[in-house]
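> Single-letter residue listing:
Protein chains: 2
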Amino acid sequence: MKINVLLSPVVTDELSFTGKTTVVIDVLRASSTIVTALSNGAREVVPVATVEFAVKVSGGMFGGQTLLGGERNTKKIEGFALGNSPLEYSPEIVTGKTIILYTTNGSKAIVKAKFSENLFVCSFMNLEILSKHLVKLDKDFEILCSGRNNYYSMEDTICAGKLITEIQKLNERVELSDAAKASVSLNKSFGKNLLKMLEESEHGKILLENGFEDDLKFCSKINTYNIIPYFSANVLKVLPDSQNGN
Amino acid sequence: MKINVLLSPVVTDELSFTGKTTVVIDVLRASSTIVTALSNGAREVVPVATVEFAVKVSGGMFGGQTLLGGERNTKKIEGFALGNSPLEYSPEIVTGKTIILYTTNGSKAIVKAKFSENLFVCSFMNLEILSKHLVKLDKDFEILCSGRNNYYSMEDTICAGKLITEIQKLNERVELSDAAKASVSLNKSFGKNLLKMLEESEHGKILLENGFEDDLKFCSKINTYNIIPYFSANVLKVLPDSQNGN
Numbered sequence: 001m002k003i004n005v006l007l008s009p010v011v012t013d014e015l016s017f018t019g020k021t022t023v024v025i026d027v028l029r030a031s032s033t034i035v036t037a038l039s040n041g042a043r044e045v046v047p048v049a050t051v052e053f054a055v056k057v058s059g060g061m062f063g064g065q066t067l068l069g070g071e072r073n074t075k076k077i078e079g080f081a082l083g084n085s086p087l088e089y090s091p092e093i094v095t096g097k098t099i100i101l102y103t104t105n106g107s108k109a110i111v112k113a114k115f116s117e118n119l120f121v122c123s124f125m126n127l128e129i130l131s132k133h134l135v136k137l138d139k140d141f142e143i144l145c146s147g148r149n150n151y152y153s154m155e156d157t158i159c160a161g162k163l164i165t166e167i168q169k170l171n172e173r174v175e176l177s178d179a180a181k182a183s184v185s186l187n188k189s190f191g192k193n194l195l196k197m198l199e200e201s202e203h204g205k206i207l208l209e210n211g212f213e214d215d216l217k218f219c220s221k222i223n224t225y226n227i228i229p230y231f232s233a234n235v236l237k238v239l240p241d242s243q244n245g246n
Numbered sequence: 001m002k003i004n005v006l007l008s009p010v011v012t013d014e015l016s017f018t019g020k021t022t023v024v025i026d027v028l029r030a031s032s033t034i035v036t037a038l039s040n041g042a043r044e045v046v047p048v049a050t051v052e053f054a055v056k057v058s059g060g061m062f063g064g065q066t067l068l069g070g071e072r073n074t075k076k077i078e079g080f081a082l083g084n085s086p087l088e089y090s091p092e093i094v095t096g097k098t099i100i101l102y103t104t105n106g107s108k109a110i111v112k113a114k115f116s117e118n119l120f121v122c123s124f125m126n127l128e129i130l131s132k133h134l135v136k137l138d139k140d141f142e143i144l145c146s147g148r149n150n151y152y153s154m155e156d157t158i159c160a161g162k163l164i165t166e167i168q169k170l171n172e173r174v175e176l177s178d179a180a181k182a183s184v185s186l187n188k189s190f191g192k193n194l195l196k197m198l199e200e201s202e203h204g205k206i207l208l209e210n211g212f213e214d215d216l217k218f219c220s221k222i223n224t225y226n227i228i229p230y231f232s233a234n235v236l237k238v239l240p241d242s243q244n245g246n
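In order, the protein sequences belong to chains U and Y. Take the first sequence: its letters are residues 1 to 246, numbered as in our numbering. Take the second sequence: its letters are residues 1 to 246, numbered as in our numbering.
Bound conformation, chain U alone (with noise of 0.2 Å):
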């Protein structure tokens, strides 16, 4: 089994990603929020690469059942009913909703990636179950880090790195990329305090001045939930294998 990152979205275009198993990441908050709403019953996730968009989707769709959030650069967007933090999308507010989510960096990968066989979405949330999954599943595939605008980011990395350690644990056959190499070795180095981790990063300092501590905190658990969101039509839904934990 090979594997792959992408430090950031921009190294590759969307047709590489054709017939690849697909894993995206964007702990700071996308990949976070997207496992915690289908978790607490969302019945799926729209992901979306402009608000434009975002707003013409829900528009199309039936009144109540619709649920606009996401944010663009930190902030909440006009008009939308939710933000970006996890912590928003609480089993009172997101069950049996479909969910449009616009996000300055995460939304946009997982459009980006669109055409991979296999996409899936990972965060530190999920990371046991969705290894598990990736070692059945025994296919090469790419880790792609949202990043922070084109940049690299430290936690999607970390958690990149985290996640390849988890497979290397369940599948001695595995083959890393040199970026592969540098995330294992970068989580050896970072990923011991999670939290710590992220309110030192680029993106976790920002967020602390803007009020999300909280976030922080719950972005930095591991494996609170035992689902993967998997792509298919335009559409993330919860992998139905996935919810028994197997």
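Treat the hints with care, as some may be off.
Just so you know, same-sequence chains aren't split out, so a pair can sit in one copy or run between any two.
Said to hold, decoys possible - Heads up, simulated DSS-like pairs for lysine-lysine below, C-alpha to C-alpha not over 30 Å straight-line:
# : residue 1 : residue 2
1 : K205      : K139
2 : K2        : K75
3 : K205      : K2
4 : K192      : K56
Hints were generated in silico from the structure; no laboratory data involved.
Given the coordinates of chain U, assemble chain Y onto it according to the supplied hints.
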């Protein structure tokens, strides 16, 4: 002093370099070749972003004083006098000459950063003198890793991390971005045996397959040369101050 590392040239655009101090790294092999050529007496190196432009530029220079050098995907280009092996750029061949250099990643990265106020070229071969110069200059700077076809390259990141580590020894007031912190950490993990690191890197393996093991040995040596290539008016020359180790 703030230091950032760009892990691939594609994460930003040309204009973002305007007014900045930039260090371009392409260990395998453009930056090593440039340092070697200038140390061995080449008058100047003209990095170009296309083969067509290389041919055009060389045609305009006076005969006999110009050498076309470079590679496309590791292979020498038809009609070019020299490839991209630093070992070809011996004093007998390059003294007094203008080298027009096209390479798959490095020369393009330099051209991309052309709007920088200060643009230096770095390899393992000239780390020490460049680190001293950057401390003396005392300006924020960005390290641009040339990478490989837009992707992450281990050797450029390790070189960036080693340069920052040298600077940290000389200046305690250094502020690092996420990518800069990652580079420093990766140098700690992979930078002890540079030849081994090069041999195990994706790009190093390709060069070994193509018979360039001597290049890996040559490019892995630290502080072989005591010069800083400096980009001005589209041409790389030896920074005058640097020739005497100041």
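> Hint by hint, note whether the structure agrees.
Status of the hints after comparison with the structure:
1. Only between protomers do K205 and K139 lie at most 30 Å apart by alpha-carbon distance; the minimum there is 23 Å, versus 36 Å within a single protomer.
2. In this assembly of identical chains, the alpha carbons of K2 and K75 lie at most 30 Å apart only when taken from different copies (27 Å versus 38 Å within one copy).
3. In this homomeric assembly, K205 and K2 come within 30 Å of each other (Cα to Cα) only across copies, at 16 Å, whereas the closest approach inside a single copy is 34 Å.
4. Taking the shortest Cα distances, K192 and K56 never come within 30 Å of each other, neither inside one copy (43 Å) nor across copies (54 Å).
The structure does not agree with numbered hint 4 stated previously, though it agrees with all others.
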